[in-house]
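> Single-letter residue listing:
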Amino acid sequence: QQPVQSPQAVILREGEDAVINCSSSKALYSVHWYRQKHGEAPIFLMILLKGGEQKGHDKISASFNEKKQQSSLYLTASQLSYSGTYFCGTEIYGNNRLAFGKGNQVVVIP
Amino acid sequence: EAGVAQSPRYKIIEKRQSVAFWCNPISGHATLYWYQQILGQGPKLLIQFQNNGVVDDSQLPKDRFSAERLKGVDSTLKIQPAKLEDSAVYLCASSLGDDSPLHFGNGTRLTVT
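So the protein sequences, as listed, match chains A and B.
So for the first sequence, our numbering puts the first residue at 10; every next one is plus one.
So for the second sequence, our numbering puts the first residue at 132; every next one is plus one.
Chain A extracted, bound-state conformation:
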């Protein structure tokens, strides 16, 4: 039940916006988003628990579309510090194992 993340990589200039997606073939109970920088541990960004829920963390926000079984992460007015690999972790109904996707690599350049 590994989620599929797209696009695989994004390059954007400081101040630009980007959207990255996470989709599942099964009905989702929750979606987690984490960011990992090279050689470091993944850092928690947010959890979305209800269909339609949107959350924000600084200028990073996320939505959860339960019907489409997907979540999107929005990077607004990107900063250099946003560079890293973003992983979504999904939990399906009836199984509380958190399965991670392969990640979206984001590179923000000056």
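By construction, these hints were calculated from the structure, which means they are not laboratory data.
Please note that a few of the clues may not be correct.
[Unchecked claim] Straight-line alpha carbon distances no greater than 30 Å define the calculated DSSO-like cross-link-like pairs of lysine-lysine that follow:
no. : chain 1 : residue 1 : chain 2 : residue 2
1   : B       : 142       : A       : 111
2   : A       : 35        : B       : 175
3   : A       : 111       : B       : 209
4   : B       : 175       : B       : 214
5   : A       : 111       : A       : 77
6   : A       : 35        : A       : 77
7   : B       : 142       : B       : 175
8   : A       : 68        : A       : 46
9   : B       : 193       : B       : 214
10  : A       : 35        : B       : 193
11  : B       : 175       : A       : 59
12  : B       : 193       : B       : 146
13  : B       : 193       : A       : 111
14  : B       : 175       : B       : 202
15  : B       : 193       : B       : 175
16  : B       : 175       : A       : 64
17  : A       : 111       : B       : 214
18  : A       : 59        : A       : 46
19  : B       : 214       : A       : 46
20  : A       : 46        : B       : 142
21  : A       : 111       : A       : 76
22  : A       : 35        : A       : 59
23  : A       : 46        : B       : 175
24  : A       : 68        : A       : 111
25  : A       : 59        : A       : 111
26  : A       : 111       : B       : 175
27  : B       : 209       : A       : 46
28  : A       : 59        : A       : 76
29  : A       : 68        : B       : 175
30  : A       : 76        : B       : 175
31  : A       : 59        : A       : 77
32  : A       : 77        : A       : 64
33  : A       : 35        : A       : 64
34  : B       : 175       : A       : 77
35  : A       : 111       : B       : 146
36  : B       : 142       : B       : 214
37  : A       : 64        : A       : 46
38  : B       : 142       : B       : 193
39  : A       : 35        : A       : 76
40  : B       : 202       : B       : 142
Predicted model, so just to flag it, every value in this text is computed and none were measured.
Given the structure of chain A, go ahead and fit chain B onto it with the hints provided.
Just chain B now, kept in the frame of chain A:
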């Protein structure tokens, strides 16, 4: 609060040798996870503990991997014997429980030669 502690930070062994990793979760966190992260991929759950009981070990290669969490606090993951394909970063994480964020340690980078 102190984060999740893992040791060692790096380990290089030859195939067929054994290795052990240690993890001390955040105080009060009932749930502990061991993930394997191969280069360029997302973390893959190996085993999940709730206190000292196993919740999920369906993806743990039990012929060579074992894990324990005695007294419901720190945990040890062992590989015996190691294979080349076990080269990866082994991440330990802990959380308060259901619907709570995972806090990851810095991981142990294992290289099997």
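> For every hint, state whether the structure bears it out.
Now the hints, each set against the structure:
1. B:142 <-> A:111: 24 Å, holds
2. A:35 <-> B:175: Judged against 30 Å, a Cα distance of about 18 Å means the pair holds.
3. A:111 <-> B:209: Distance of about 25 Å is within 30 Å: holds.
4. B:175 <-> B:214: 17 Å, holds
5. A:111 <-> A:77: Holds. Residue 111 of chain A to residue 77 of chain A sits at ~20 Å (cutoff 30 Å).
6. A:35 <-> A:77: 10 Å, holds
7. B:142 <-> B:175: Holds, at about 20 Å.
8. A:68 <-> A:46: 18 Å, holds
9. B:193 <-> B:214: 14 Å, holds
10. A:35 <-> B:193: 27 Å, holds
11. B:175 <-> A:59: Judged against 30 Å, a Cα distance of about 24 Å means the pair holds.
12. B:193 <-> B:146: 17 Å, holds
13. B:193 <-> A:111: 24 Å, holds
14. B:175 <-> B:202: Judged against 30 Å, a Cα distance of about 25 Å means the pair holds.
15. B:193 <-> B:175: 15 Å, holds
16. B:175 <-> A:64: With Cα atoms ~25 Å apart, residue 175 of chain B and residue 64 of chain A stay inside 30 Å; holds.
17. A:111 <-> B:214: 23 Å, holds
18. A:59 <-> A:46: 28 Å, holds
19. B:214 <-> A:46: 27 Å, holds
20. A:46 <-> B:142: Holds, at about 21 Å.
21. A:111 <-> A:76: It holds: about 22 Å lies between the C-alpha atoms, which stays within 30 Å.
22. A:35 <-> A:59: It holds: about 15 Å lies between the C-alpha atoms, which stays within 30 Å.
23. A:46 <-> B:175: 17 Å, holds
24. A:68 <-> A:111: 23 Å, holds
25. A:59 <-> A:111: Distance ~23 Å between residue 59 of chain A and residue 111 of chain A Cα, so the pair holds.
26. A:111 <-> B:175: Distance of about 10 Å is within 30 Å: holds.
27. B:209 <-> A:46: 27 Å, holds
28. A:59 <-> A:76: 11 Å, holds
29. A:68 <-> B:175: 29 Å, holds
30. A:76 <-> B:175: 26 Å, holds
31. A:59 <-> A:77: 13 Å, holds
32. A:77 <-> A:64: 18 Å, holds
33. A:35 <-> A:64: 22 Å, holds
34. B:175 <-> A:77: 24 Å, holds
35. A:111 <-> B:146: 27 Å, holds
36. B:142 <-> B:214: Answer holds: residue 142 of chain B to residue 214 of chain B is near 14 Å, not above 30 Å.
37. A:64 <-> A:46: 22 Å, holds
38. B:142 <-> B:193: Holds, at roughly 21 Å.
39. A:35 <-> A:76: 10 Å, holds
40. B:202 <-> B:142: It holds: about 26 Å lies between the C-alpha atoms, which stays within 30 Å.
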